[in-house]
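Residue numbers (full-length UniProt numbering): 1 to 403.
Hints are supplied without guarantee of correctness; some may be wrong.
Pairs of lysine to aspartate or glutamate residues, derived as EDC-like cross-links and limited to a Cα-Cα distance of at most 20 angstroms, are as follows [what the hints assert, rightly or not]:
1) K64 x D43
2) K156 x E52
3) K218 x E208
4) K369 x E344
5) K156 x D298
6) K64 x E137
7) K128 x D51
8) K218 x E185
9) K294 x D252
10) K294 x E274
Cβ-Cβ distance ranges computed for the label pairs, FRET-style [unchecked claim]:
11) I160 x F221: 38 to 44 angstroms
12) T99 x S248: 55 to 61 angstroms
13) V249 x F93: 48 to 54 angstroms
14) G70 x H334: 22 to 28 angstroms
15) T99 x E3: 34 to 40 angstroms
16) L201 x R283: 15 to 21 angstroms
17) K193 x D377: 49 to 55 angstroms
18) L239 x D298: 15 to 21 angstroms
19) A242 x Y94: 38 to 44 angstroms
20) F221 x E3: 54 to 60 angstroms
Just so you know, the hints here were simulated from the structure itself, not pulled from any lab data.
Glycine included, each C-beta is placed from N, C-alpha and C at the ideal position.
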Amino acid sequence: MQETVQAIAGQVSPQTITELCSKLISIPSTSGREERIAYFIHDLMLSLGYDEVIIDEMGNVVGKIAFNPGGRRLLFEAQMDHVGVSDAIEWSFYPYGGTVIDGHICGRGSVDAKGSLAAMIIAGSELKKCSDFLYGELAVACVVNQEVAEGVASSKVYEIFKPDGVVIGEASNLNIKRGQRGRAEIVIEAQGKSAHTSFPLSGVNAAEKMVFLLTFIKQHFLPPRHYLLGDGIMVLTDLSTAPSMGTSVLPDNCVATFDRRLLAGEAESSVVEEVARLISLARDIDPDIQADVKVAEDYVQCFTGKRIKVKHFAPGWFFGENEELIERALRGLHYLGMEPSLSESGFGTNGCFYGGIKGIPTISFGPSKEQLAHTKDERVNIEQLVKATQGYMAIAVSYLDAS
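Using the sequences and the accompanying hints, generate a full structural model.
Written out as structure tokens, the structure reads:
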């Protein structure tokens with residue numbers, strides 16, 4: 001097995017992977033505007049010999065490769081979209097140039113996650129040449145709208161290809177991430193009674209009631225804790241009142257939005273119920289507090305024209321080191337001389353769908369460091385990019401082996 005892994009890893013061309021990553025960076029693809037890059041990848045996968053390539057109704061590109069029958073089904077998934085650029089004048093280079101500087105490919109999305117995207121596409125094409133000794137199927141999914149709706153596009157990929165194991169292409173510094181905190185957007189809406197500010201006692205100031213409620217929640221909310229993932233913290237991120245014109249009108253509505261980090265196993269119902277319990281306790285002190293809590297919902301537009309209703313609740317997930325996918329991934333990478341650590345992802349990934357909702361064994365793995373994502377002068381190291389490509393191949397060979 002070790003000789004096989006080393007042999008196929010040696011097939012990776014640094015020039016090929018560099019050119020592809022640079023090309024992907026040169027195609028701007030913010031969330032909802034991935035059409036150009038999607039069709040480019042679709043045509044590329046066909047030219048690289050993928051057995052089947054489709055673009056689904058959300059705009060995801062899914063390329064499949066079938067090996068010998070009877071094996072496992074492995075999914076590689078990486079996002080096509082990226083955050084925008086608001087400060088291009090402050091960059092040292094053109095954000096969409098894909099320029100190579102000092103051993104790095106530079107540009108927006110290079111770290112999050114076009115480096116991983118390029119590596120997975122090339123890894124899949126090289127693995128196609130290994131049909132004689134691999135079993136099962138491999139799919140490479142290039143997905144839309146990850147930055148604005150974690151896991152939503154993955155639900156459509158799952159309808160097309162139901163995997164036994166999933167590798168998410170995200171920056172991990174070539175280490176294996178076996179879990180992550182999820183994220184919920186929690187909205188508390190307080191109601192009051194409008195009145196002229198000259199006569200405040202004739203109304204109920206929703207903003208004042210919210211201030212009391214926020215203070216109470218901060219004092220009494222006890223975040224759950226996971227030994228690896230950390231704390232399920234809840235952070236206030238937005239506060240607004242209505243009417244908001246500020247002209248002698250007592251606000252009768254106040255809305256607070258929280259970012260609640262989720263641990264593995266936390267359900268939407270329990271998270272909402274805990275906040276509702278705190279509101280009820282606060283109401284025991286001040287009966288004028290009238291407030292409701294819910295998980296935020298909105299709509300996301302796909303470039304295909306499809307409009308998706310999104311509930312902002314992305315579950316946390318975590319897998320033990322004895323999980324077969326993790327053991328086989330470690331074994332394959334070990335054959336390349338790589339000794340990755342096991343840890344958790346520091347930011348949100350589509351693993352929230354596969355690992356958190358579906359319970360499918362999931363890891364994330366990729367080039368570069370998480371801290372470089374979304375930053376000015378974003379860049380990915382070419383040496384790490386090549387190793388990531390080889391790493392994806394090694395993981396697949398180990399997982400799709402006959403044993």
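- Query: Quick check: which numbered hints come out false for this structure?
  - Reply: The structure conflicts with no hint, since it agrees with every one listed earlier.
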